[in-house]
Structures are given as C-alpha cells and as structure tokens.
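Make a model of the complete structure from these sequences and hints.
Line by line, the protein sequences give chains P and G.
Just so you know, the first sequence maps onto residues 1 to 472 in this note's numbering.
Just so you know, the second sequence maps onto residues 1 to 296 in this note's numbering.
Be aware that one or more of the hints could be misleading.
Unchecked claim - In silico PhoX-like pairs for lysine-lysine, Cα to Cα no more than 25 angstroms straight-line: (1) G:Lys49 <-> P:Lys353; (2) G:Lys51 <-> P:Lys420; (3) P:Lys102 <-> G:Lys51; (4) P:Lys102 <-> G:Lys28.
As the list claims (entries may be wrong) - Selected chain G positions facing chain P (in silico; Cβ < 7 angstroms): (5) Arg72; (6) Leu117; (7) Ser152; (8) Gly155; (9) Pro245.
What the hints assert, rightly or not - Non-contacting residues of chain P with respect to chain G, defined by C-beta distances greater than 12 angstroms in every case (computed): (10) Thr73; (11) Ser92; (12) Ser117; (13) Asp118; (14) Gly157; (15) Lys194; (16) Gly243; (17) Lys272; (18) Lys427; (19) Asp432; (20) Gln445.
What the hints contain is simulated information worked out from the structure, not anything from laboratory work.
In this text the structure is predicted, and so the values were computed from the model without any measurement.
Heads up, the beta-carbon is just placed ideally off N, CA and C, and yes, glycines get one too.
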Amino acid sequence: MKHKKWLTTVASSVVAVSLLAGCGSNNNNSNNASPSASPSASASASAGGKQFENTELNVAVFQGGYGREYWDTIAEDFMKDYPGTKINITASPKIAELVRPKIVAGNPPDFMYIAGSDNLPIIDGLIKDKALTDLSDVFNSPSEEGGAPLKDRILPGVLESRSSSPYGDGKVFLAPYNYGVMGLWYNKTLFDTKGISVPKTWDEFLALTATAKDNGRELFTYQGLYPGYLEEMVVPSIYSVGGQEALDQYFNFDPEFWKSDTFKQVWGVLEKVATEDNALMKGTIALNHTQAQTAFMQGKAMFIPNGTWFEDEMKDAPREEGFQFGFLGAPAFTADKPAMAMTNVEQMVIPAKAKNPELAKEFLKYLYSDKSVKLNAEKSKAVLAVKGAPDIAKEFISESTYNVYKAVDEGIVTVNGAFKSVAKGSKYNPSDEIYKPISSIMNKQLTVAEYGDKLFKIYTNIQKELKENGAE
Amino acid sequence: MKMTMKTRRGFFIAACLIPGLILFFLFKVYPTIQIFHKSLYLWTGVGDKPKFIGLQNFVDMFHDDTFLLALRNTGFLMLVVPVLTLLIALINASLLTQTKLKEKGFYRTVFFFPSILSFVVVAILWSFIYHPTMGFVNAGLEMIGLGDWAMSWLGDQRTVLWALAVTLIWQAAGYYMVMYMAGIDSISPDLYEASGLDGATRVQQFFHITIPMLWEIIRVTIIFSINGVMTISFVIVSIMTAGGPDRHSEVVMTYLYSQAFTNSNFGYAMAIGVFIFIVSVSLALISNKLTERGSN
Numbered sequence: 001m002k003h004k005k006w007l008t009t010v011a012s013s014v015v016a017v018s019l020l021a022g023c024g025s026n027n028n029n030s031n032n033a034s035p036s037a038s039p040s041a042s043a044s045a046s047a048g049g050k051q052f053e054n055t056e057l058n059v060a061v062f063q064g065g066y067g068r069e070y071w072d073t074i075a076e077d078f079m080k081d082y083p084g085t086k087i088n089i090t091a092s093p094k095i096a097e098l099v100r101p102k103i104v105a106g107n108p109p110d111f112m113y114i115a116g117s118d119n120l121p122i123i124d125g126l127i128k129d130k131a132l133t134d135l136s137d138v139f140n141s142p143s144e145e146g147g148a149p150l151k152d153r154i155l156p157g158v159l160e161s162r163s164s165s166p167y168g169d170g171k172v173f174l175a176p177y178n179y180g181v182m183g184l185w186y187n188k189t190l191f192d193t194k195g196i197s198v199p200k201t202w203d204e205f206l207a208l209t210a211t212a213k214d215n216g217r218e219l220f221t222y223q224g225l226y227p228g229y230l231e232e233m234v235v236p237s238i239y240s241v242g243g244q245e246a247l248d249q250y251f252n253f254d255p256e257f258w259k260s261d262t263f264k265q266v267w268g269v270l271e272k273v274a275t276e277d278n279a280l281m282k283g284t285i286a287l288n289h290t291q292a293q294t295a296f297m298q299g300k301a302m303f304i305p306n307g308t309w310f311e312d313e314m315k316d317a318p319r320e321e322g323f324q325f326g327f328l329g330a331p332a333f334t335a336d337k338p339a340m341a342m343t344n345v346e347q348m349v350i351p352a353k354a355k356n357p358e359l360a361k362e363f364l365k366y367l368y369s370d371k372s373v374k375l376n377a378e379k380s381k382a383v384l385a386v387k388g389a390p391d392i393a394k395e396f397i398s399e400s401t402y403n404v405y406k407a408v409d410e411g412i413v414t415v416n417g418a419f420k421s422v423a424k425g426s427k428y429n430p431s432d433e434i435y436k437p438i439s440s441i442m443n444k445q446l447t448v449a450e451y452g453d454k455l456f457k458i459y460t461n462i463q464k465e466l467k468e469n470g471a472e
Numbered sequence: 001m002k003m004t005m006k007t008r009r010g011f012f013i014a015a016c017l018i019p020g021l022i023l024f025f026l027f028k029v030y031p032t033i034q035i036f037h038k039s040l041y042l043w044t045g046v047g048d049k050p051k052f053i054g055l056q057n058f059v060d061m062f063h064d065d066t067f068l069l070a071l072r073n074t075g076f077l078m079l080v081v082p083v084l085t086l087l088i089a090l091i092n093a094s095l096l097t098q099t100k101l102k103e104k105g106f107y108r109t110v111f112f113f114p115s116i117l118s119f120v121v122v123a124i125l126w127s128f129i130y131h132p133t134m135g136f137v138n139a140g141l142e143m144i145g146l147g148d149w150a151m152s153w154l155g156d157q158r159t160v161l162w163a164l165a166v167t168l169i170w171q172a173a174g175y176y177m178v179m180y181m182a183g184i185d186s187i188s189p190d191l192y193e194a195s196g197l198d199g200a201t202r203v204q205q206f207f208h209i210t211i212p213m214l215w216e217i218i219r220v221t222i223i224f225s226i227n228g229v230m231t232i233s234f235v236i237v238s239i240m241t242a243g244g245p246d247r248h249s250e251v252v253m254t255y256l257y258s259q260a261f262t263n264s265n266f267g268y269a270m271a272i273g274v275f276i277f278i279v280s281v282s283l284a285l286i287s288n289k290l291t292e293r294g295s296n
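Below you can see the structure in the form of structure tokens.
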C-alpha cells in the first residue's frame with residue numbers, strides 16, 4: 001500500500017515537472033538551414049583568410065510581406081562560401097515576442113532583422129538601453145567585391161540619419177535593409193484621361209478641391225485611426241520649408257520649432273484640408289487604414305498618403321474602373337522647389353550581448369554583395385538600400401513600384417529621419433504626441449495655435465527629462 | 001508500522017493537491033507578485049538592469065494627463081456599461097420567462113448569440129456598423145429621413161465613448177440575460193401565482209419578487225460586469241478606434257499596453273497594472289458591501 005502511494009506522488013509531480021519543463025524550454029522554431037552540419041567547437045571556419053573561433057550564428061528575422069525565402073537562401077550561400085559555419089534562422093511575423101525573453105535573459109540572437117510596427121518597439125528599447133553593437137567598422141571596411149568602403153555603396157544620407165545612427169554621433173548601430181518610399185498617391189488613369197495635372201505645390205493641391213467635386217469625389221483622405229501616416233506629408237514639408245535645420249529642430253525636440261514659421265506653414269496645409277469645402281473625405285477620422293485605402297481606390301478621394309508597399313498590400317481590394325497607382329510624393333510650397341518624398345529604411349542589428357559578433361558582422365557585409373541584392377529582389381520583391389538596387393530589382397517588382405523608385409532616382413528629393421530617443425522612463429511617445437491630436441484639428445475641435453502651444457510644452461518637458469536623465 | 005487511515009488520506013489529498021497548487025502559484029501568484037515588484041522599478045522590459053525608483057511610477061501616474069484621460073474614459077465605461085447591461089438583461093430575462101411568447105427559445109438564442117462571438121469579431125462587426133459612409137447606422141438614419149443626424153460616430157470625441165458603450169452592452173447583455181433566466185426559473189411559480197391573486201401587477205411582481213429573489217445572482221453579475229468592461233474594452237478599443245480621435249477613447253488597458261510595448265516603459269506599465277488591480281478589487285469589495293442585504 002505504502003509503495004503505491006509513493007508512486008502516485010511521484011507520478012503527479014512528474015506530470016507537474018514536465019508541464020513546467022514544457023513552459024521553460026526555448027521557444028525555438030528555428031530552421032536549420034543546413035541539415036548536415038553540426039559544428040564542433042574546435043573546427044574553425046575560414047574564408048578569405050579569416051578565421052572564426054565560433055562558427056555558429058543565430059539569426060532572427062521578421063517574416064512579413066517579404067517572406068523568409070531570401071534569408072534561407074542567403075544563409076545557405078553564406079555557409080557554402082564560409083565552410084564550417086552554421087546559421088540557425090528563426091523567422092516569425094511576431095519576431096519581437098520570440099526574441100524578447102532571450103534578450104531579457106541576456107542571451108540574444110547574434111543578428112536580428114526587425115520590422116513591422118508590432119516588433120519595432122523592441123529596437124527602440126535596445127537603443128534606449130544602449131544595447132547594440134557599433135557597426136561602423138563594417139561600413140568603413142571594403143565591400144564584399146573589394147575596393148571602396150562599403151558605406152559608399154549605401155544610399156546617400158542613410159547611414160548618417162538617425163535610423164542608422166541613433167545617438168547622432170556618426171556611429172552606425174543599425175544597418176539598413178530594404179527601403180520604401182512614402183508620399184501621396186493618386187489614380188493615374190483619372191489624371192491622364194481628365195487632363196488633370198499633378199500638383200507641384202500645396203496651393204495647387206488645395207485648388208483641386210473643385211476638380212475633385214466635378215469628378216464626384218473629395219480631395220483627400222488618410223488612415224484616420226492611425227494619423228501617424230500623415231508624417232509622410234509632414235516630414236518632407238518641414239524639410240521643404242525650413243531645410244535640414246527645421247527638421248533637426250523637429251526631430252531633436254527643440255521647443256522653438258512650435259513657434260516657427262515652418263510649423264505654421266506646414267500645419268496650415270492640414271488646417272486648410274480640415275476646413276475647406278470638399279477637402280477632407282467625410283468620415284475619414286473614424287476609418288482604419290484598410291477602410292480609408294479602399295475608399296481611395298474606389299474613387300471617393302483623390303489623394304492618400306502611403307508607401308511603396310501600397311499596391312501589394314491592397315492587391316485584393318475593390319477599385320474603381322481603370323484604377324492605376326500614381327505617386328507624387330509631397331508637393332513643395334513654392335513652384336521653384338522640387339517635390340519631396342520620405343524614405344523609410346528597415347533595420348538590422350547585432351545586439352551588444354551577441355555571442356558571435358565577429359561572424360555576425362561578416363554575415364551582415366555579405367548581405368550587401370551584388371549577389372545578395374539581386375537575390376533579395378528576386379525572393380522578397382524588395383529593394384535594398386544600396387545604390388542602383390532599383391535597377392537590379394526591376395524585373396521582379398511591379399512597374400508602378402519601380403516607377404516610384406525611379407522617380408526618387410530622377411529628382412524627387414528624399415528625406416529620412418526619426419525622433420531622438422526620449423529619456424528612459426519618459427511617458428512621452430513623440431510620434432503619438434504629435435500626430436494623434438491632428439484628429440482633433442481635422443474635427444475642427446482644436447486650432448493649430450492651441451496645438452502648437454500644447455506641443456511646445458511637451459517638447460519643453462521632453463528636454464527637461466533628457467537633461468535630468470543625463471545628469472544622473 | 002501501519003499508517004492510520006487518516007494519515008493515509010491526508011497523504012493522498014496532498015498528492016492530488018500539490019500539482020494544482022504548484023501550477024497555481026507559478027502561473028497566478030508568482031506573476032502577480034512580479035507585477036507588484038516590477039512596478040517599483042524603472043525598466044525598459046528589454047535590458048536586464050531594472051533600476052529601483054520606489055513609488056516614483058505611482059507619483060508620475062497622477063501627473064500624466066494621458067493616463068488621467070484614459071482613467072476618466074474607463075470610469076465612464078465602467079459606470080455606464082454595467083448599469084445598462086444588467087438593466088437590459090434583467091428586463092429581457094423577466095419578459096422572456098414571464099410572458100407566454102411562442103418564440104421564447106428563438107429570442108433566447110438570438111440574444112445570447114453575441115456572447116459566443118469572439119471580441120475581435122464583435123469589434124470588426126461594429127466598426128462596419130458605424131462606418132461613416134456605408135455603415136448601417138448612418139444608412140438607416142438617411143433612410144428614415146434623418147440624414148442630417150448621420151455623423152462619424154467613432155471619429156468624434158463627443159460620441160465615441162457612447163458608441164463603444166453600445167457595443168459593449170450589446171456584447172454582454174445576452175450573457176447576463178441567460179444567467180438571470182436560469183435564476184428566475186428557479187423562483188417558485190407559487191409566489192407569482194399568489195401575488196397575482198392578491199392583485200399585484202407585472203411591474204410590482206418584477207420589483208417585489210423577481211429582483212429580491214435574484215439578488216444574490218445580481219450581486220455577482222455586477223462584479224463580473226465591471227471587470228468585464230476592464231478587459232473587453234481593450235480589444236474593442238484597439239480594433240475600433242485605436243484610442244482615437246486624439247485619445248478620447250483611450251482606456252487604461254490600452255494605455256498600459258502602449259507604455260509597455262511601444263514606449264518600452266515596463267515598470268510604469270506594471271505600476272498602472274497594480275493600480276488597476278487595486279481599483280478592481282476595491283470596486284468589487286465596495287459593490288459587495290453596498291449590495292449586502294442588511295437587517296431589513
């Protein structure tokens with residue numbers, strides 16, 4: 001009898017323990033790209049005379065619209081070129097959820113490509129914690145093909161911008177991957193058949209309200225629930241009026257920005273959209289991104305802000321007859337200035353606590369090789385932030401998307417930027433603080449002057465927090 | 001040496017309880033303690049060096065305008081939604097049980113239906129009902145000639161909370177109705193019969209028989225409903241309005257989430273969590289106390 005009882009106890013605790021073990025075990029859906037290689041610690045890989053003591057590389061990538069095929073293929077190629085190395089790829093649409101526990105436990109992947117709005121905050125956290133590896137030496141060293149340093153191959157302005165160099169000290173902590181172009185879109189067929197010319201300035205843009213009415217639509221709509229999309233008009237416009245100086249004020253939290261003429265001009269356009277007859281599509285503020293974009297494609301509005309992913313994102317959406325995507329970027333304020341567009345560069349990082357930063361850097365460099373740029377275009381249908389990449393990708397991407405990239409090549413000036421990190425523990429999220437109240441401006445429940453005062457206070461507080469934080 | 005029957009029984013019970021208890025402590029008690037613990041730290045939720053800052057997070061909370069706005073919105077929903085939900089549920093339940101409707105079973109199913117839909121489905125459904133141009137509400141208003149009243153219900157700060165409240169009530173009323181119906185069915189029909197003979201009207205019966213006999217069930221449902229608003233509002237708000245326009249439908253749960261996961265402010269988010277915990281528990285205690293049947 002006694003014996004049996006003991007067994008029950010053991011059995012029940014075994015059940016409990018195995019349950020616990022199930023929870024504790026690594027959430028590792030990694031796909032070993034190489035089925036055979038099981039590297040021993042002593043074997044060292046060599047390629048081009050380089051030796052790596054640690055030959056295993058753990059890579060975590062975002063699996064979004066681009067899929068994971070590129071990563072699987074490039075990893076295999078890398079392992080072929082660097083015999084003895086082994087790359088484990090973990091891919092997921094919710095990659096941040098998978099890597100977060102590992103980072104917290106001090107055991108991050110060696111290399112991460114993080115994108116998607118659900119995942120990006122983890123990058124922000126790593127920046128705030130100063131937990132990324134300095135990648136400057138990778139970009140200063142010669143590229144895979146040899147010759148000039150790698151940084152000369154990267155799209156101009158990208159490495160210097162905050163999305164690569166978050167602390168503004170010229171050191172690169174985030175390597176650029178694919179880039180997208182964002183701005184205003186219109187129905188090309190409508191403009192061509194009705195002989196409407198694409199607006200070059202915001203005045204011309206606003207003057208189209210009457211034309212819009214004649215064509216049974218309103219002038220403008222945007223992704224109402226997510227006013228952050230308006231940055232695609234706001235940021236290029238700030239640059240267009242006030243140049244880099246104004247943009248720096250804006251992104252670096254200089255409170256004076258909200259008293260400047262630049263602010264008044266740029267937000268003046270938004271206020272006119274809110275108040276002028278037939279300008280803002282009815283109900284816009286309550287629509288989510290899909291609803292607003294569908295309304296635009298059905299011909300309810302003439303313009304909408306969005307990025308190069310637009311066509312792919314809405315490929316199954318209903319549209320008015322003959323609809324064709326046309327891109328104009330953001331109009332300027334005076335006719336002598338060029339149209340502008342905003343670019344958005346996806347990021348790859350090596351965490352500071354990575355076990356194998358040396359091999360990770362080598363892998364990163366490998367991604368910028370010509371072979372890789374082409375492979376990326378073929379498998380992901382995307383364009384790496386490397387000079388000439390649009391032409392390499394031409395045969396794989398849609399014509400209208402290619403045209404957008406080409407327009408950037410041929411004259412549309414691009415801007416790119418991101419907010420400086422706020423102090424650790426700050427309650428402010430700059431993008432939310434700036435764009436969310438625009439809903440109230442559009443509702444005519446907040447004037448631009450009141451809005452400017454509010455933001456002035458917020459920027460002052462953010463500065464104060466940064467100062468206190470620095471003093472510690 | 002033989003164990004007594006009693007010790008053996010004790011061992012057996014312990015053996016059965018231990019796994020459950022371990023799981024309970026590990027997945028319920030331990031995380032709760034962690035929330036209280038982490039609420040005292042400045043922590044991004046990414047790095048591994050939380051910094052102890054005492055009660056600073058709680059102090060900050062009451063200087064944070066967005067949090068206070070979210071709290072006010074949540075308070076509004078917690079006040080309006082349970083009252084209306086339970087009232088509607090009670091009236092429906094009593095109508096369906098007391099009258100001799102032939103379609104009783106049909107109504108019971110129809111009213112209960114929203115409760116078995118997932119919250120996400122409910123939210124998407126209602127965001128199309130409120131759709132400013134092709135939505136059922138505005139189209140309906142136009143059809144009966146009240147086109148001027150049509151507006152974007154979710155896009156205006158004056159109507160957005162009421163619009164969300166209607167969704168929350170629609171979602172929950174059927175569920176509580178079924179609970180009340182079960183309760184009413186267990187009330188002895190003699191009471192109604194006897195009072196009917198004495199000349200009591202339906203309304204009098206409702207107030208003097210149905211409600212007092214259901215009182216214990218009503219007490220429980222009040223607490224369920226208040227806590228339900230807290231959790232369900234997160235899904236409904238995230239999908240239908242994303243807290244907009246301009247944060248006028250932000251609720252504490254969505255604010256907590258955005259502080260933790262988009263602003264990397266885990267410590268602060270945990271402090272909000274602790275605050276919600278305390279508010280929920282005290283509301284439950286208060287409503288329990290207030291609805292206690294005293295000596296009368």
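Hint check:
no.: 1; hint: G:Lys49 <-> P:Lys353; verdict: holds, 13 angstroms
no.: 2; hint: G:Lys51 <-> P:Lys420; verdict: holds, 22 angstroms
no.: 3; hint: P:Lys102 <-> G:Lys51; verdict: holds, 20 angstroms
no.: 4; hint: P:Lys102 <-> G:Lys28; verdict: holds, 22 angstroms
no.: 5; hint: Arg72; verdict: violated, 16 angstroms
no.: 6; hint: Leu117; verdict: violated, 19 angstroms
no.: 7; hint: Ser152; verdict: holds, 4 angstroms
no.: 8; hint: Gly155; verdict: holds, 3 angstroms
no.: 9; hint: Pro245; verdict: holds, 4 angstroms
no.: 10; hint: Thr73; verdict: holds, 30 angstroms
no.: 11; hint: Ser92; verdict: holds, 16 angstroms
no.: 12; hint: Ser117; verdict: violated, 8 angstroms
no.: 13; hint: Asp118; verdict: violated, 8 angstroms
no.: 14; hint: Gly157; verdict: holds, 27 angstroms
no.: 15; hint: Lys194; verdict: holds, 23 angstroms
no.: 16; hint: Gly243; verdict: holds, 30 angstroms
no.: 17; hint: Lys272; verdict: holds, 19 angstroms
no.: 18; hint: Lys427; verdict: violated, 5 angstroms
no.: 19; hint: Asp432; verdict: violated, 8 angstroms
no.: 20; hint: Gln445; verdict: violated, 6 angstroms
Checked against the numbered hints given earlier, the structure breaks hints 5, 6, 12, 13, 18, 19 and 20 and satisfies all the rest.
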